[in-house]
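*Asks:* Sequence:
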Amino acid sequence: MRDAPSTWALVVGIDEYADGSIQTLEGAVADAADFTRWLRGLGVPRHQILLHAAPTPASRPHLQGLGARSATAQAIDRSIVKLETQQGSRLIVYLAGHGLYEPEAGRLFLHKEFTQQTPLNMGLEKYVKRFLAMRFPRQFLFLDGCQNVPYTES
Numbered sequence: 001m002r003d004a005p006s007t008w009a010l011v012v013g014i015d016e017y018a019d020g021s022i023q024t025l026e027g028a029v030a031d032a033a034d035f036t037r038w039l040r041g042l043g044v045p046r047h048q049i050l051l052h053a054a055p056t057p058a059s060r061p062h063l064q065g066l067g068a069r070s071a072t073a074q075a076i077d078r079s080i081v082k083l084e085t086q087q088g089s090r091l092i093v094y095l096a097g098h099g100l101y102e103p104e105a106g107r108l109f110l111h112k113e114f115t116q117q118t119p120l121n122m123g124l125e126k127y128v129k130r131f132l133a134m135r136f137p138r139q140f141l142f143l144d145g146c147q148n149v150p151y152t153e154s
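Residues 1 to 154 in our numbering are what the sequence shown spells out, letter by letter.
Hints are computed from structural coordinates only; laboratory data are not their basis.
Treat each hint with caution, since some may be false.
[Claimed, not checked] Pair by pair, the computed Cβ-Cβ distance ranges are: (1) Gln116 to Gly27: 33 to 41 Å; (2) Pro103 to Ala133: 35 to 43 Å; (3) Thr118 to Pro5: 35 to 43 Å; (4) Gln117 to Arg46: 35 to 43 Å; (5) Arg135 to Ser70: 21 to 29 Å; (6) Gly65 to Phe140: 35 to 43 Å.
[Stated by the list, open to error] Computed list of lysine to aspartate or glutamate pairs in EDC-like fashion (alpha-carbon distance at most 20 Å, straight line): (7) Lys129 to Glu84; (8) Lys82 to Glu104; (9) Lys82 to Asp31; (10) Lys126 to Glu104; (11) Lys129 to Asp77; (12) Lys126 to Glu84; (13) Lys129 to Glu104; (14) Lys82 to Glu102.
Glycine is no exception: its CB is placed at the ideal position from the N, C-alpha and C atoms.
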């Protein structure tokens with residue numbers, strides 16, 4: 001890929017959530033790790049791929065050698081702030097984990113520490129505006145969000 005040296009990426013995979021009542025996922029971290037390896041294979045520099053993960057013990061081996069950061073709201077936001085200071089030809093955002101659609105809030109991607117009492121999430125409408133304000137003329141957002149309700153109906 002000829003634009004690889006000027007491509008930046010935010011990659012997030014969350015299998016395990018801080019709230020034990022939220023269903024654990026089995027493939028989000030593996031998919032994020034595979035996506036990261038794919039980007040590297042295309043020639044995107046390692047330091048320009050900001051990988052965040054919340055693995056289970058079973059999915060932790062997928063991250064070996066990738067330099068994954070925490071998937072907390074604060075850690076992901078630090079990477080977004082870093083992206084806001086960069087410039088390149090392309091921005092790729094890949095999110096894998098739990099997603100929801102709330103009628104009032106719209107599309108949501110849940111952070112690792114999401115609970116009913118502390119609903120930390122990426123409101124995608126808000127974040128899309130934030131990404132579009134960055135200095136990347138071409139942008140791609142991939143969302144693999146299992147739309148399982150992360151909490152019981154009660």
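*Asks:* Any hints from earlier that this structure breaks? Give me their numbers in increasing order, please.
*Replies:* 1, 2, 6, 8, 9 and 14
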